[in-house]
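Now for the letters of each chain:
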Amino acid sequence: RKEVEQDPGPFNVPEGATVAFNCTYSNSASQSFFWYRQDCRKEPKLLMSVYSSGNEDGRFTAQLNRASQYISLLIRDSKLSDSATYLCVAYNAGNMLTFGGGTRLMVKP
Amino acid sequence: DTAVSQTPKYLVTQMGNDKSIKCEQNLGHDTMYWYKQDSKKFLKIMFSYNNKELIINETVPNRFSPKSPDKAHLNLHINSLELGDSAVYFCASSQDQASGRGQFFGPGTRLTVL
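Going down the list, the protein sequences come from chains A and B.
Counting from 1, one number per residue, gives the positions in the first sequence under my numbering.
Counting from 1, one number per residue, gives the positions in the second sequence under my numbering.
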């Protein structure tokens, strides 16, 4: 079982739609969590950190459920420019980021 | 200014050759990393250095040797290249070992071994 698991997608949604991605992690000692975004043939870029209380950054909302070892990302009012692969990431003791395989989002006009 | 830069961007070479990839960060970060992203797009950490000292060395063949001349640079030398080494190699940096603020990635080096 992979340490961080995501549905690879693709999720095909129309502009303006709300879309949610889920991610599960197996290492209960994971300390911090992040969502990264990776465009085709580009480097991953930090989108947002994920906090237990839930956090919002504009159209993006991230949630963490430690009891279920589950992380989510909600994107409201999807834009064409949101099309990318979204990587769920867990930070573990030992200073390692463990990346999920990514969920591909395609926003269509 | 590019925060994390890598050279070269593309590298095409024959099996058995030795090659190096260079990485530099101008963010003043203490910690730098090398990741490999294979054809299935999984990103896996290879090495991590903190203030020029190796702190993470995942199960990587010893043909791969990182070198950090100072905390702003982390280079990767690969000996006796094999077909399976073809991948995109990303350098990254973070403010400190805790990575609580996430990591910043370079643009990647696409290595193709023929």
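Everything labelled a hint here was simulated from the structure, so no lab data went into it.
Don't take every hint at face value.
[Claimed, not checked] Straight-line alpha carbon distances no greater than 20 angstroms define the calculated DMTMM-like cross-link-like pairs of lysine to aspartate or glutamate that follow:
| id | chain 1 | residue 1 | chain 2 | residue 2 |
| --- | --- | --- | --- | --- |
| 1 | B | LYS40 | A | ASP39 |
| 2 | B | LYS9 | B | GLU82 |
| 3 | B | LYS40 | A | GLU5 |
| 4 | B | LYS44 | A | ASP39 |
| 5 | B | LYS36 | B | ASP85 |
| 6 | B | LYS9 | B | GLU24 |
| 7 | B | LYS44 | A | GLU3 |
| 8 | B | LYS44 | A | ASP82 |
| 9 | B | LYS36 | B | ASP18 |
These figures come from a predicted structure and were not determined experimentally.
Consistency of the hints with the structure:
1. B/LYS40 <-> A/ASP39: Cα-Cα ~15 angstroms, so holds.
2. B/LYS9 <-> B/GLU82: The given pair, whose Cα atoms are some 19 angstroms apart, holds under the 20 angstroms limit.
3. B/LYS40 <-> A/GLU5: Within the cut-off at roughly 14 angstroms; holds.
4. B/LYS44 <-> A/ASP39: Between B/LYS44 and A/ASP39 the Cα gap is close to 18 angstroms, so the pair holds against 20 angstroms.
5. B/LYS36 <-> B/ASP85: It holds: about 9 angstroms lies between the C-alpha atoms, which stays within 20 angstroms.
6. B/LYS9 <-> B/GLU24: Measuring from Cα to Cα gives roughly 13 angstroms; hence the hint holds.
7. B/LYS44 <-> A/GLU3: With a Cα-Cα distance of about 12 angstroms, the restraint between B/LYS44 and A/GLU3 holds, given a limit of 20 angstroms.
8. B/LYS44 <-> A/ASP82: 24 angstroms, violated
9. B/LYS36 <-> B/ASP18: Distance of about 17 angstroms is within 20 angstroms: holds.
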